[in-house]
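Colleague: Sequence:
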Amino acid sequence: MARLRLTLTAAAIAGVALLASAGPAAACPADPRADPTTWEYGGVYDCSKATVGHGVRAYTKPSPVAFVVINTGKSYFVSDLGDANEGDRTYTFDKNIRFVITCNFTDA
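Residue numbers -27 to -1, 1 to 81, in mature numbering (1 follows the signal peptide of the UniProt record, and there is no 0), belong to the letters of the sequence shown in order.
If you are wondering where the hints come from, they were derived from the structure by calculation, not from laboratory data.
Check the hints yourself; a few may be wrong.
Listed below are the simulated DSS-like cross-link pairs for lysine-lysine, each with C-alpha atoms no more than 30 Å apart in a straight line [claimed, not checked]: (1) K68 to K47; (2) K47 to K22; (3) K22 to K68.
Distance ranges between label pairs, derived from CB positions [unchecked claim]: (4) C1 to F50: 20 to 26 Å; (5) D53 to T10: 19 to 25 Å; (6) D61 to Y14: 22 to 28 Å; (7) K47 to G16: 14 to 20 Å; (8) N69 to E13: 22 to 28 Å; (9) D61 to P5: 24 to 30 Å; (10) C1 to D67: 21 to 27 Å; (11) T79 to C1: 29 to 35 Å.
No experiment lies behind these values; they were computed from the predicted model shown.
Just so it is clear, CB atoms sit at the ideal spot from N, CA and C, and this is done for glycine as well.
Put together the whole structure using the sequences plus the hints.
Modeller: Right, dumping it as structure tokens:
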């Protein structure tokens, strides 16, 4: 009887631990805007994501890049669609940049 009680107690503790670990993930679903594939529009663009260092508040979009998506805190900034002839563009923000999604034209 003691062995059964020990087994049931261990199973209950494991179940509670599993539910507790799943709770935060279920409460905050991933934001699709943070996924580079969201911005690829079915293969028209090839996008990649890069984390930016601490305290960075400006980003320069190189000329050949089609557009960038910049995350600052809870806000997202999407640059205008560029072309290879316009030159580099620098964007400055009041908050630190968390990550940048860079999207290039493809041949699609």
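Colleague: Look at each hint and say if it fits the structure.
Modeller: Here is what the structure says about each hint:
Simply put, K68 and K47 have alpha-carbon atoms about 10 Å apart, close enough for the 30 Å limit, and the pair holds. This hinted pair checks out: K47 and K22 have alpha carbons roughly 17 Å apart, not beyond 30 Å. A hinted pair counts as satisfied when its Cα atoms are at most 30 Å apart, and K22 with K68 qualifies at roughly 19 Å. Our hint of 20 to 26 Å for C1 and F50 holds, since their Cβ atoms are close to 22 Å apart.
A beta carbon spacing of about 21 Å between D53 and T10 agrees with the range 19 to 25 Å that was offered as a hint. In this structure, D61 and Y14 meet the distance hint of 22 to 28 Å, their C-beta atoms being roughly 24 Å apart. One distance hint, 14 to 20 Å for the beta-carbon pair K47 and G16, is violated here, with the actual separation near 29 Å. A hinted range of 22 to 28 Å holds for the C-beta pair N69 and E13, which are about 26 Å apart.
Checked against the given bound of 24 to 30 Å, the beta carbons of D61 and P5, roughly 29 Å apart, stay inside it. Between C1 and D67 the CB atoms are about 24 Å apart, so this pair conforms to the stated range of 21 to 27 Å. Range check, T79 to C1: about 32 Å between beta-carbon atoms, so the 29 to 35 Å window is met.
This entry does not satisfy hint 7, going by the numbered hints stated previously; all others are met.
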